[in-house]
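Asker: Letter by letter, the chains look like this.
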Amino acid sequence: MTGDKEKARRLTALFLLGSVLFSYPVISLFNLPALVWGVPLLYAYVFCVWAVIILLIALATHKGSRPVGNRFSDRG
Amino acid sequence: MIATWIILLFAFGYVALLFAIAYYGDKRADMGKSIISNPYIYALSLAVYCTAWTFYGSVGRAARTGLGFLPIYIGPTLTAALGWLVLRKIIRISKVHRITSIADFIASRYGKSMTLGGVVTIIAVLGIIPYISLQLKAISTSYLLIKHYPQFAIDVNFAQIPFLKDTAFYIALLLAVFAILFGTRHLEATERHEGLVAAIAFESVVKLAAFIALGVFITYIVYDGFADIFRKATDSPELKRLFVFEDRPGAFIDWGMYIFLSMLAVMFLPRQFQVTVVENVNEEHLNKAIWLFPLYLLAINIFVLPVAIGGLLHFTGSVVDADTFVLTLPMAEHSQWLAVLVFIGGISAATGMVIVETVALSTMICNDLVMPVLLRRFSRQLAKRSDISNILIVIRRFSIILVLLVGYTHFHLIGEFYPLVSLGLISFAAVAQFAPAILGGIFWKRGTRLGALTGLIAGFVIWLYTLVFPSLVQAGLLPPGFVSHGLFGVTLLKPFQLFGLEGFDPISHAIFWSLLLNTGCYIGVSLFNAPTAIEHSQAALFVDIFRYSGEIERPAFWRGRATIPDLRSLLEAVLGKQRADEAIAAYAKGQDKDWERTVEAEAGFVGYAEKLLAGAIGSSSARVMVSSVVKEEPLGIDEVMDILDETRQVIMYSRELERATNELKSANERLKELDRLKDDFISTVTHELRTPITSIRSLAEILYDNPDIDILRRKHFSGIIIHESERLTRLISQVLDFQKIESGKVEWQVTNVDMTNIIDEALIATDRMIKDKNVTVDVHVPDQVPLVEGDQDRLIQVMVNLISNAVKFCEKDEGAIDIALMVGEDRIQVDVKDNGIGISPENQKIIFETFQQVRDTSRGRPPGSGLGLSIAKRIIDFHHGHIWVTSELGKGSTFSFTIPLPKEKWAL
Chain A
1 MTGDKEKARR LTALFLLGSV LFSYPVISLF NLPALVWGVP LLYAYVFCVW
51 AVIILLIALA THKGSRPVGN RFSDRG
Chain B
1 MIATWIILLF AFGYVALLFA IAYYGDKRAD MGKSIISNPY IYALSLAVYC
51 TAWTFYGSVG RAARTGLGFL PIYIGPTLTA ALGWLVLRKI IRISKVHRIT
101 SIADFIASRY GKSMTLGGVV TIIAVLGIIP YISLQLKAIS TSYLLIKHYP
151 QFAIDVNFAQ IPFLKDTAFY IALLLAVFAI LFGTRHLEAT ERHEGLVAAI
201 AFESVVKLAA FIALGVFITY IVYDGFADIF RKATDSPELK RLFVFEDRPG
251 AFIDWGMYIF LSMLAVMFLP RQFQVTVVEN VNEEHLNKAI WLFPLYLLAI
301 NIFVLPVAIG GLLHFTGSVV DADTFVLTLP MAEHSQWLAV LVFIGGISAA
351 TGMVIVETVA LSTMICNDLV MPVLLRRFSR QLAKRSDISN ILIVIRRFSI
401 ILVLLVGYTH FHLIGEFYPL VSLGLISFAA VAQFAPAILG GIFWKRGTRL
451 GALTGLIAGF VIWLYTLVFP SLVQAGLLPP GFVSHGLFGV TLLKPFQLFG
501 LEGFDPISHA IFWSLLLNTG CYIGVSLFNA PTAIEHSQAA LFVDIFRYSG
551 EIERPAFWRG RATIPDLRSL LEAVLGKQRA DEAIAAYAKG QDKDWERTVE
601 AEAGFVGYAE KLLAGAIGSS SARVMVSSVV KEEPLGIDEV MDILDETRQV
651 IMYSRELERA TNELKSANER LKELDRLKDD FISTVTHELR TPITSIRSLA
701 EILYDNPDID ILRRKHFSGI IIHESERLTR LISQVLDFQK IESGKVEWQV
751 TNVDMTNIID EALIATDRMI KDKNVTVDVH VPDQVPLVEG DQDRLIQVMV
801 NLISNAVKFC EKDEGAIDIA LMVGEDRIQV DVKDNGIGIS PENQKIIFET
851 FQQVRDTSRG RPPGSGLGLS IAKRIIDFHH GHIWVTSELG KGSTFSFTIP
901 LPKEKWAL
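The listed protein sequences derive, respectively, from chains A and B.
When we follow the numbering used here, the leftmost residue of the first sequence carries the number 1, and every step to the right adds one.
When we follow the numbering used here, the leftmost residue of the second sequence carries the number 1, and every step to the right adds one.
Pulled out of the complex, with its shape left as it was, chain B reads as follows:
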């Protein structure tokens, strides 16, 4: 076999290559030419889901349970289908609110609650420990295997060796160094690590290539293709059982449970959240990633069963651990270089997971656990320090070391007793506890902080009781009676058959109880607990993210006062001077010119600063930091009312807008109507002008052509010509009059006038018309009529119009017109009554409108321009009077108008 030092050289060379890629990725990102901004790299980075569990553990699982390894990869495929709905929403929310971890997400959703952030962090860290221990186990075992070649079965009791002599301990320290160098070189405002993602994507390629190479080698070189392996397996009843589900009750339920569990895990594992959400460059990349990622999973799983069967066939009767088949098979076949490739593949699978997971966890520990405590204790002192970013980085580095050391301890004490997959599933069950709070949080506004907290704690306690405590029994830390007889010997409390539930395997059993209680508490407590104002506003911002994402800078719940210099120094302390300056400049660009000179920060800037800080130290910490320099007035009922008021105002504005639109619409309608009327008017007037002109012309022609026409007829014709010319003049002067009144060019001659006089004058003017039609006219005027103020000529014009109108609609010889003048207390009323054809009710409404003529098809157009009444109305309007008509068809009409008596002076 190849010497150990060469293998180590390869391992370190591989890690050096990773560093080179990460360095290049960061460099390109600084230049603004991202190498990870495409869907393929994004999909590959999602494949960090496949760890040593997949690489080594799947084969082990397949060797024990057949297809039992598969649900873990089918679940993510189903999640991917829903990714467009769920993941896109989570990504959008996180981008808008600068959320950098799961803890931050949950804390932010439920009112930026520090407690919640802390609880989520604790669950995540404790939950992930077995998962990290799994990676350590895989790496150290594979290293020992390669080292002890040609011995395939190593029987080391890790718990017995002092940790300073334990390879796994050094591996843990090495991984910590990697993670620190990759993930916490400097503080990012958005927690995005382009170089890291590039390296992870590369690792995904390496582990897939290594596994496929192994699969092809076993299936097609050692054996003769799939069919050959499976045919050989059918000969052994022991192997044939791997072709179907395990023959036990609950096998199907477990299968479904695992699919469900992995659906949740692929969203809520801290490292998956990191690569899927935090490191996402562009939402559109989801489009391709949601089928490329499942495709990757399918590819890496195709050879799992053949390799497992190959291993079982090869090592029949020996004690080789199925979890090591991937490595021991090529070793047994003396294919040393392939073994090295597989070893590197295993390292890439494990390191990728450890690096991303610890970086994600360290962000949580720092932002949601340590910083809030520090801030609470020393907020004043911290706000004055200028090097908070250094403190943050130190906290994160220590968190990474801590997480790995705890992971190592777990491996040392417990991990070695479990197959790889079982360790990972314990972690899956832990992160699944986040599902109700997150999924409920983004689709259900009513979920409250208390509900989420109760649910998480309930789920977590069940998880501890049903999965973690039994593992402590295995490690000898708890008495074995706990598992076999239940807590205090109570059978109902047996951790694997809680409340007597049987037929599930431990994981499904734990998932069922923990998620049931978790969801139940979340919904139940939420419903019996009213959300506070800030929970309410955050809930709306999260659930309706696609509606609100445009207007996020305005913090709805910030009613405080702060100075810009204070905030600036805060930003400089956390982000460093250069980045703080850039961020402030970016904000100032959107403001007025003299924004720079203002001292008092407005709510918008406070919110902006808080959001920037949230990117670096988490939303709840950012809130505490900002409030250390802001004199925030607690949100009282008045502020809530203010906010409600603002909402109401917005609604009112929109209503006003609607009304204005309606007004405009009706004005437009009116204009169109007027336009139509004007057209009618022009055709009426021209028609009316043409009739007299035609008769004048034809009569004049007759007189011209027949000089010897007799005097009587000549006189008759000339009479008609004169009459028609008068009519023409009247018509033209009416049009001119109307035009004058409309444009306000009339000079009104207001004097004291006697209405009796006006009636007389009008009768004289219309005398001829009355006589022509042989209409009788009665006038009733009281003896004493007070004078009114008005324009004599114009009032006569009104009377003339009314009288001639009455005459026009009377039958010849039978017409009777009744003119009456009445003196009221404050006005004089004049009625002109006729016994003509009458006016229909709908026409009564429009008769005073400009250009309107009563149409009557049977009689044709009545003579006249249609202007008389509208001129009359305008004159009466000028005199502050009223004009109206009462009429019944066939029985005549009464036109009335009033003129006020001059009790007080008019404002003329």
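Next comes chain A alone, as it looks inside the complex:
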């Protein structure tokens, strides 16, 4: 149950992180008609943030499914 709660907390944090990164005013910082690596800056920003959020969700759900610290036992 602790794992579930921990997971819920992490995912909620990711939701908040995504909400901030995808909204005004943060997104307006990247609202420039420039190209990075040949791609429009805004386009690159949105897709990068998007990919990172997905990656973090994946990590959060998979880490959360087992209790933290279990892998390191004291037996050495």
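FYI, nobody ran anything at the bench for these hints, they're computed from the structure.
Please read all numbers here as calculations on a predicted model, not as lab measurements.
Be aware that a few hints might be false.
[To be verified] Here are a few chain B residues that face chain A, going by a calculated C-beta distance under 10 Å:
# : residue
1 : G66
2 : T77
3 : K288
4 : L298
5 : V599
[Stated by the list, open to error] Derived lysine to any residue pairs resembling SDA-like cross-links, with alpha carbons at most 25 Å apart:
# : chain 1 : residue 1 : chain 2 : residue 2
6 : B       : K232      : A       : L41
7 : B       : K715      : B       : T729
8 : B       : K240      : A       : L21
9 : A       : K5        : B       : N38
We put the CB at the ideal spot given by N, CA and C, even for glycine.
Assemble chain B onto chain A, guided by the hints.
Answerer: Frame of chain A; chain B shown alone:
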């Protein structure tokens, strides 16, 4: 170009393949080997979210607004992050309560309200119509495009052609047939369609593959990679503006609004609810799906902007509709097979949506709109029919046809004037109205039926006014002055600038007002409206689902009487005989052996039957059906009190349990204490035994080793030996005595005894001890002492113990003992007072306890076993008397006991 018949062959071949997959999926499900029970298929089935809107419309949207197509997919990603909290709860609730649609969910949450279920159904159906029209538009346009190759721009005014000659009409009918064959082949108790889900997952693969293939073709074959396309676009100021937000006030607000809107839509679109919640096999699948589904969305969107720019570059100056770029680009590049693949991809995107959506809507229409009306009108007749399941299936099939025909009508009259995405957004705005009632319903217990109803209706009216009516203006069904000057010319009522709110696009504007009013009404009305008993109980069951999910079969609010045969025939009528028998057998397994023979159904079975029916016909209909065979007594104040009582009893039980635990705990403590005392006792006794034995032995040795010892000393030594042996005997007999009394083996010799006599006897027995220590003894006894009933020897023993105790603690030569006997009204009291060292208050409490000896470190252990006083207490207890001590340290103690006078017979 490839001949039309070949393309049609591909299209039909594709649909046939879908049928084969669905058939296989159902077959495997019947065998119990589900092919959809894994997170990957689940995630793919969620991708039914991507429809023709995504497939064709996104590119069109991107060509007009740049990144404006993206919020629709970012929203679901954020929802997915919250999915673990929100979706899991909705899934659990739906599983536990056998909920099969959004309408059912809301109705069930607010007290199984039929009205609410009906209203939700109407909103859902009307709201989804534009969305279905969008799919019809996409399919018919793509078909016409392929047919009219090499012409890229088709300018057909659909409203002008009679519908019998309109391809879209036949497409609508075909889709209806698909949906009927896929979704309503037979009635499922849980509304789960494994075959359907398998086919949908397959469709998701096809549309993704088709779109990626197109994207790679445009980006890397027609152009030279992303950088090339974007560099070409920078040359044109017209295209460069697509790289950033639209340059107008409110662009950021619209962006945020769309994200918010799609967050809600991905949860509350009927088809999303169907695949996410109803078709969910295992809650754990959410774990993977909440990142796989966003990943799918990301993948299908990567090439949207390049394709849009590619299209704009390619068709500069021509009138090709950007919504068709996906198809017209490969056609223009003469890549015919890719065009066919894209065409199939578009079909898969559109059919997937239409099939799932109409199945979900037909369930709602049947369970929450038609059945309640039928049941209300003809409940008696229906309950007697044995083929309700057939009626249900027929209703559903007609619902599917109806929904598609209305969708077609919408497309025919209105749809063609709108880009694909705008049509879809109107539907999104409609289903977003469910958000307050559902989210409030699962996290806030206080939300009431009336609140939800008012909120939904308010939101719905705003939606109609700000989005639907203007579209009717566009179709020429309403006068244009409505949009430009407002209703009756009132400027504040202009549908796109309601109450003067400007700077939003129509969708954001509608969302703001409708959700504001909806939420406000929901909360406000709920707070000023007390929930009924059943609303209360449903609210608790929904909000605290993770606490209650174990004990759902007991209906809290069912106080009726029904017979098992009646319920059985009801179940058979709705579910069919075989499934009803299975379900009843499953229930009987958990019951007593003679359950089968009982006739009167208990509340548990009524609830079970209702839940089974709810799976097939919705919770409010199930309630009506069951009540047609149950003589339900209306829930009066008494029943509510009963329920409260039950709750109180549960609380009381838990309190009793707590008390019992505490008692056990203290008993355990006491046992431990006794154990410790026993150890002390044994060490005391052995010590006491060893002291006399040691002296006896050493003196005997002296006498043995020195036969010529003089007579005086010999006599002295023998005297000590005798004295010590007596002490030993006394000690042993005390231990034995105590043991006897404790185990109840003492034979009491109850006679009439004279207490004066007892005091005398005791003084004689302790005479030597008194003389040895040179203690003075005073005795005060009245002349006339009434006889008491008791055991003479035992009472003497008490006196001896008290006197010897007093002697023991007196100083030599200075000791004074005062023995007094007083006759009260109903008892005789004897005091033994000494002027010894006294007993501290804490020791006074424990002095009569078994094995306790007063410890005094400065004086060491007092002589004796520590048993004397506890033996005395037990003897006095036997005589129904009291024994106690009053004492002050340094000033002596007074031991007193009472023996009752025989006024009435004792129950010996």
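Asker: Look at each hint and say if it fits the structure.
Answerer: Against the structure, the hints:
no.: 1; hint: G66; verdict: 8 Å, holds
no.: 2; hint: T77; verdict: 6 Å, holds
no.: 3; hint: K288; verdict: 7 Å, holds
no.: 4; hint: L298; verdict: 6 Å, holds
no.: 5; hint: V599; verdict: 44 Å, violated
no.: 6; hint: B:K232 / A:L41; verdict: 16 Å, holds
no.: 7; hint: B:K715 / B:T729; verdict: 21 Å, holds
no.: 8; hint: B:K240 / A:L21; verdict: 24 Å, holds
no.: 9; hint: A:K5 / B:N38; verdict: 24 Å, holds
The structure fails hint 5 only (numbered hints given earlier).
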